[in-house]
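S.K.: In order, the protein sequence lines correspond to chains G and Z. The opening position of the first sequence corresponds to residue 5 in my numbering, with each subsequent residue numbered one higher. The opening position of the second sequence corresponds to residue 5 in my numbering, with each subsequent residue numbered one higher.
The hints are simulated quantities; they were obtained by calculation from the structure and are not laboratory data. Among the hints, erroneous ones may be present.
Identical copies go unnamed one by one, so any copy, or any two together, can satisfy a pair.
Under the rule of at most 30 Å between Cα atoms (straight-line distance), these lysine-lysine pairs were calculated in the DSSO-like manner [what the hints assert, rightly or not]:
#1 Lys71 to Lys25
#2 Lys45 to Lys71
#3 Lys25 to Lys264
#4 Lys187 to Lys218
#5 Lys221 to Lys45
#6 Lys187 to Lys263
#7 Lys60 to Lys263
#8 Lys71 to Lys230
#9 Lys218 to Lys45
#10 Lys187 to Lys93
#11 Lys230 to Lys243
#12 Lys230 to Lys25
#13 Lys25 to Lys217
#14 Lys60 to Lys243
#15 Lys25 to Lys243
#16 Lys187 to Lys25
#17 Lys93 to Lys45
Protein chains: 2
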Amino acid sequence: MNNNIVNGNIIRIDVGDNVDKFSRNNRISAITKVLLDNPNKVINLNYFTEMLNAAKSTISEDLVMIKQSFSALDMGSVETVAGASGGVKYVVGVSEEQSRRFAGELCETISDRSRIMPGNFIYMTDIMYSPEVIHKAGAILASRFIDVEVDYVVTVETKGIPLAYEVAKSLGVQLVIVRRESKVTEGPTVTINYVSGSSGRIQNMSLAKRLLKKNSKCIFIDDFMKAGGTALGILDLLKEFESELIGIGVLIDNVDTSKKLVTDYISIIDYYGIHEDGSVQFSPSKFYK
Amino acid sequence: MNNNIVNGNIIRIDVGDNVDKFSRNNRISAITKVLLDNPNKVINLNYFTEMLNAAKSTISEDLVMIKQSFSALDMGSVETVAGASGGVKYVVGVSEEQSRRFAGELCETISDRSRIMPGNFIYMTDIMYSPEVIHKAGAILASRFIDVEVDYVVTVETKGIPLAYEVAKSLGVQLVIVRRESKVTEGPTVTINYVSGSSGRIQNMSLAKRLLKKNSKCIFIDDFMKAGGTALGILDLLKEFESELIGIGVLIDNVDTSKKLVTDYISIIDYYGIHEDGSVQFSPSKFYK
């Protein structure tokens, strides 16, 4: 770009008509990409004036257009943040109708009887590793936590990691992965024991001390919730970091569980178990009813 | 949207001037978002005509503008795919200059001496869990594999999962995560033993048979490569699936390793070990020189 930065001020250099001049249409496409690449991050308007060699007033007009179309087409929103460190940010948003439709389609996919494994587990690993599904599921969960202040998205290895990553990305915060055992490459770790709510077995979870700052607000994201023992374990682990669990979100909630250890959480799909006729019973989460 | 779908044909319903009519600027912003949400996936133009209530010729003109700005600003490309199942797709692309700048900035961040752990490991977990870093690193690695036909992006748990997920998403393919032990919820698995190239220890890796189709072409993505024992293990594991390893990409290559077991791979950053003055030695990968 043909700009020089002197003492922090951007000085425009006249570049003539054919160099680095973009039409409004070009600019709108470029600004949209930058916003989408940086969800929930405030981008200063100087970034766009420099990148596109355009005046601030021009960029502001471009942004009005982008705001309009995001709002009209239910694609999330573009918000202006005032003040010295202000600018604009893209805020992920998925309407209830879009969420319900996504949940319905996913229920159909995973209700296939060929997914029933020995022990009546439902095979869902391919779903949890599908960027197409997980990108949308992550946006849905993130849009439910967009109004609270979150410092970290926490998950426990392994299957929920892509989903938790997408939620962290949409919220513009760091992902934290809790391990089953401590690793030599991560320095001092805190390890706790917890009781798996469904099997009653005692298990470990470990987290490197460097990964999570004290006094943080965290949400826990996982692929599947049965009794909620893992979520309780995370709550205990976070206490060791003097940090708070302020929300829980899962893709699939096994509602066919006699007793839930946690009550305050959100899910996208409810699982009712295998019916006596052999069919697999899923439906969009109770949150959509 | 005010369209009815009858026998698979979309019938436009006249909606008047004020309903569902979007300006070119609005449409360009919306089309850009849909393209970016679906990297390397062909989207039929009917999708846009229906969503935006516009004629195909109008959408085609919009796409010309979007192609222009992506190309002018080095933001990847928008390509037209001809034929009955044709349409347009967004193709991730990161220029060599952008990659080198990213690598240089990341080297600075991770060269901090406070990252040296007992045993001379360098603490990099926070980097691997940062959506900001991993989104860019994933786009860089994906753009190096964009011209080959890839069926799956394979990784091994745990730290490389976010990076492998981003590469899979950018390439528009399924992610496959190899586990350290087999899981009851995934059905029959194939397990192999392999020798870690640096420690000489024998380790396990397991993959559910359902997760990877025979005769597939795969790339292996990981956070860090030392001798390359894990990559060789993946090669062996894929043979059990009659599948091929056609590429390897890592964020950081430890070049301070006496003997590499694999030679054909790409990396973003080279690690030269800890200098005798105590400084941590990183530099942008040899691929940028």
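S.K.: So, for every hint listed, does it hold in this structure?
M.R.: Each hint, compared with the structure:
Taking the closest pair of Cα atoms, Lys71 and Lys25 come within 30 Å of each other both inside a single copy (23 Å) and across two copies (15 Å). In this homomeric assembly, Lys45 and Lys71 come within 30 Å of each other (Cα to Cα) both inside a single copy, at 16 Å, and across copies, at 26 Å. Proximity of Lys25 to Lys264 under the C-alpha cut-off of 30 Å is found in neither arrangement, the shortest distances being 60 Å within a copy and 48 Å between copies. When the C-alpha separation of Lys187 and Lys218 is checked against a cutoff of 30 Å, the pair qualifies only within one copy, where the shortest distance is 21 Å, while the shortest distance between copies is 34 Å.
Taking the closest pair of Cα atoms, Lys221 and Lys45 come within 30 Å of each other only inside a single copy of the chain (18 Å); across copies the shortest separation is 37 Å, beyond that limit. Only between protomers do Lys187 and Lys263 lie at most 30 Å apart by alpha-carbon distance; the minimum there is 25 Å, versus 34 Å within a single protomer. Neither within a single protomer nor between protomers do Lys60 and Lys263 lie at most 30 Å apart by alpha-carbon distance, with minima of 57 Å and 54 Å respectively. Taking the shortest alpha-carbon separations for Lys71 and Lys230, neither the intra-copy value of 40 Å nor the inter-copy value of 47 Å comes in at or below 30 Å.
Taking CA atoms no more than 30 Å apart as the test, Lys218 paired with Lys45 passes inside one copy only; the shortest distance there is 23 Å, against 42 Å between copies. Proximity of Lys187 to Lys93 under the C-alpha cut-off of 30 Å is found in neither arrangement, the shortest distances being 37 Å within a copy and 41 Å between copies. Taking the closest pair of Cα atoms, Lys230 and Lys243 come within 30 Å of each other only inside a single copy of the chain (22 Å); across copies the shortest separation is 36 Å, beyond that limit. In this homomeric assembly, Lys230 and Lys25 never come within 30 Å of each other (Cα to Cα): the closest approach is 56 Å inside a single copy and 46 Å across copies.
In the homo-oligomer, the alpha carbons of Lys25 and Lys217 never lie at most 30 Å apart, since the shortest distance is 45 Å inside one protomer and 49 Å across protomers. Proximity of Lys60 to Lys243 under the C-alpha cut-off of 30 Å is found in neither arrangement, the shortest distances being 46 Å within a copy and 57 Å between copies. Proximity of Lys25 to Lys243 under the C-alpha cut-off of 30 Å is found in neither arrangement, the shortest distances being 54 Å within a copy and 52 Å between copies. Taking the shortest alpha-carbon separations for Lys187 and Lys25, neither the intra-copy value of 52 Å nor the inter-copy value of 56 Å comes in at or below 30 Å.
Taking identical chains as interchangeable, the C-alpha atoms of Lys93 and Lys45 lie at most 30 Å apart whether they share a chain (6 Å) or sit on different chains (26 Å).
In summary, the structure is inconsistent with hints 3, 7, 8, 10, 12, 13, 14, 15 and 16 from the numbered list given earlier, while agreeing with the others.
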